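**Student:** One-letter residues, chain by chain:
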Amino acid sequence: EPEVTQTPSHQVTQMGQEVILRCVPISNHLYFYWYRQILGQKVEFLVSFYNNEISEKSEIFDDQFSVERPDGSNFTLKIRSTKLEDSAMYFCASSEELGAKDEQFFGPGTRLTVL
Amino acid sequence: RKEVEQDPGPFNVPEGATVAFNCTYSNSASQSFFWYRQDCRKEPKLLMSVYSSGNEDGRFTAQLNRASQYISLLIRDSKLSDSATYLCVVLDSNYQLIWGAGTKLIIKP
Numbered sequence: 001e002p003e004v005t006q007t008p009s010h011q012v013t014q015m016g017q018e019v020i021l022r023c024v025p026i027s028n029h030l031y032f033y034w035y036r037q038i039l040g041q042k043v044e045f046l047v048s049f050y051n052n053e054i055s056e057k058s059e060i061f062d063d064q065f066s067v068e069r070p071d072g073s074n075f076t077l078k079i080r081s082t083k084l085e086d087s088a089m090y091f092c093a094s095s096e097e098l099g100a101k102d103e104q105f106f107g108p109g110t111r112l113t114v115l
Numbered sequence: 001r002k003e004v005e006q007d008p009g010p011f012n013v014p015e016g017a018t019v020a021f022n023c024t025y026s027n028s029a030s031q032s033f034f035w036y037r038q039d040c041r042k043e044p045k046l047l048m049s050v051y052s053s054g055n056e057d058g059r060f061t062a063q064l065n066r067a068s069q070y071i072s073l074l075i076r077d078s079k080l081s082d083s084a085t086y087l088c089v090v091l092d093s094n095y096q097l098i099w100g101a102g103t104k105l106i107i108k109p
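These protein sequence lines are chains L and R, in that order. 1 is the number of the first residue of the first sequence in the numbering used here; add one for each residue after it. 1 is the number of the first residue of the second sequence in the numbering used here; add one for each residue after it.
Calculated from the structure, these hints are not laboratory results. It is possible that some hints are incorrect.
The calculated lysine to aspartate or glutamate pairs, modelled on DMTMM-like cross-linking and capped at a C-alpha distance of 25 Å, are [to be verified]:
hint, chain 1, residue 1, chain 2, residue 2
1, R, Lys42, L, Glu1
2, R, Lys42, L, Glu103
3, L, Lys57, L, Asp86
4, L, Lys57, R, Glu5
5, R, Lys104, L, Glu103
6, L, Lys57, R, Asp82
7, L, Lys78, L, Glu59
8, R, Lys79, R, Asp57
9, L, Lys42, R, Asp82
10, R, Lys42, L, Glu44
11, L, Lys57, L, Glu97
12, R, Lys45, R, Asp7
13, L, Lys42, R, Glu3
14, R, Lys42, L, Asp86
15, R, Lys79, R, Asp7
16, L, Lys42, R, Asp92
17, L, Lys57, R, Asp92
Derived coverage of chain R by chain L (criterion: at least 3 residues anywhere in the stretch with Cβ under 8 Å from a Cβ of chain L; other residues may be distant) [said to hold, decoys possible]:
hint, region
18, 44 to 51
19, 91 to 102
On a predicted model such as this, the values are computed, not experimentally measured, just so you know. For every residue, glycine included, the Cβ atom is placed at its ideal position computed from N, Cα and C.
Next up, chain L with everything else stripped away, as it sits in the complex (with noise of 0.2 Å):
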């Protein structure tokens, strides 16, 4: 069954390093997202991305954070600056398409900690 993989799956920064988490969505899916979850607290949406620009971010989704599809397979996201509130687990997400019905599905996420 396809899935969507992400790497790595725990990423250990120092505060103000760049970090890149990287995230393979299923082959045929369009719409990817990005979403994050802080130890104990809700999911949170961050972005999504179709047709190779952002659809929605939220507004955690400030200047320090951007994505890419630098390839036909892998999506990255990319932090600038990385702040020790930046400490979460960061989940990649995928659909074939943008609407009511359609399943997104997660990747196993990675786990960010920020020392």
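Using the hints, position chain R against chain L.
**Tutor:** Chain R alone, transformed into the frame defined by chain L:
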């Protein structure tokens, strides 16, 4: 403010019992509704969509009340493997998923 509210629990329930969760949402323009399941430190997984007429999938029944803006999930004949956090999720008019904080369910033998 966009919000989805759930009782955080935990609900401690004996195996075989029936358990129900509710969820309320604040945005009346919300389009679609879902229940996700999340195991500890894992990704959320879609359990079921929630349709206006109510829907059932095996031991799970979901109901939507648009007038009162709440969604429910009923689990019958609960199994040990049902232990997880159940997340109520709402799709808003911008096609963003708005997540509840989850209700933790613990099924005891």
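**Student:** Give a verdict on every hint.
**Tutor:** How the hints compare with the structure:
Between the alpha carbons of R/Lys42 and L/Glu1 the distance comes to roughly 18 Å, so the proposed pair stays at or under 25 Å and holds. Taking the CA atoms of R/Lys42 and L/Glu103, the gap is about 18 Å. The hint holds against a cut of 25 Å. For the hint pairing L/Lys57 with L/Asp86, the CA-to-CA distance comes to about 17 Å; that is within 25 Å, so the pair holds. Taken as a hint, the L/Lys57 and R/Glu5 pair is honoured in the structure, with Cα atoms around 22 Å apart against an allowance of 25 Å.
For the suggested pair R/Lys104 and L/Glu103, the alpha carbons sit about 23 Å apart, so the restraint of at most 25 Å is met. The suggested pairing of L/Lys57 with R/Asp82 is violated, with an alpha-carbon distance near 33 Å, which exceeds 25 Å. For the hint pairing L/Lys78 with L/Glu59, the CA-to-CA distance comes to about 16 Å; that is within 25 Å, so the pair holds. With a C-alpha separation of about 15 Å, the suggested pairing of R/Lys79 with R/Asp57 holds against the 25 Å cut-off.
Using a Cα cut-off of 25 Å, the hinted pair L/Lys42 and R/Asp82 holds, with the two alpha carbons roughly 20 Å apart. Pair hint R/Lys42 plus L/Glu44 holds up; C-alpha atoms about 15 Å apart against a cutoff of 25 Å. Restraint check for L/Lys57 and L/Glu97: satisfied, since their Cα atoms lie roughly 17 Å apart, inside the 25 Å limit. Using a Cα cut-off of 25 Å, the hinted pair R/Lys45 and R/Asp7 holds, with the two alpha carbons roughly 19 Å apart.
Taking the CA atoms of L/Lys42 and R/Glu3, the gap is about 11 Å. The hint holds against a cut of 25 Å. The hinted pair formed by R/Lys42 and L/Asp86 meets the criterion: a straight-line CA distance of about 18 Å does not exceed 25 Å. With a C-alpha separation of about 21 Å, the suggested pairing of R/Lys79 with R/Asp7 holds against the 25 Å cut-off. A threshold of 25 Å between alpha carbons decides the hint, and for L/Lys42 with R/Asp92 the separation of about 16 Å falls inside it, so the pair holds.
Of the pairs offered as hints, the one joining L/Lys57 and R/Asp92 holds, with about 13 Å between alpha carbons and a cut-off of 25 Å not exceeded. Counting residues of the region 44 to 51 of chain R whose beta carbon lies closer than 8 Å to any beta carbon of chain L gives 4, which reaches the threshold of three, so the coverage claim holds. Remark: the region 91 to 102 of chain R is confirmed as covered by chain L, as 10 of its residues place a Cβ nearer than 8 Å to a Cβ of that chain, reaching the required three.
Checked against the numbered hints listed earlier, the structure breaks hint 6 alone; every other hint is satisfied.
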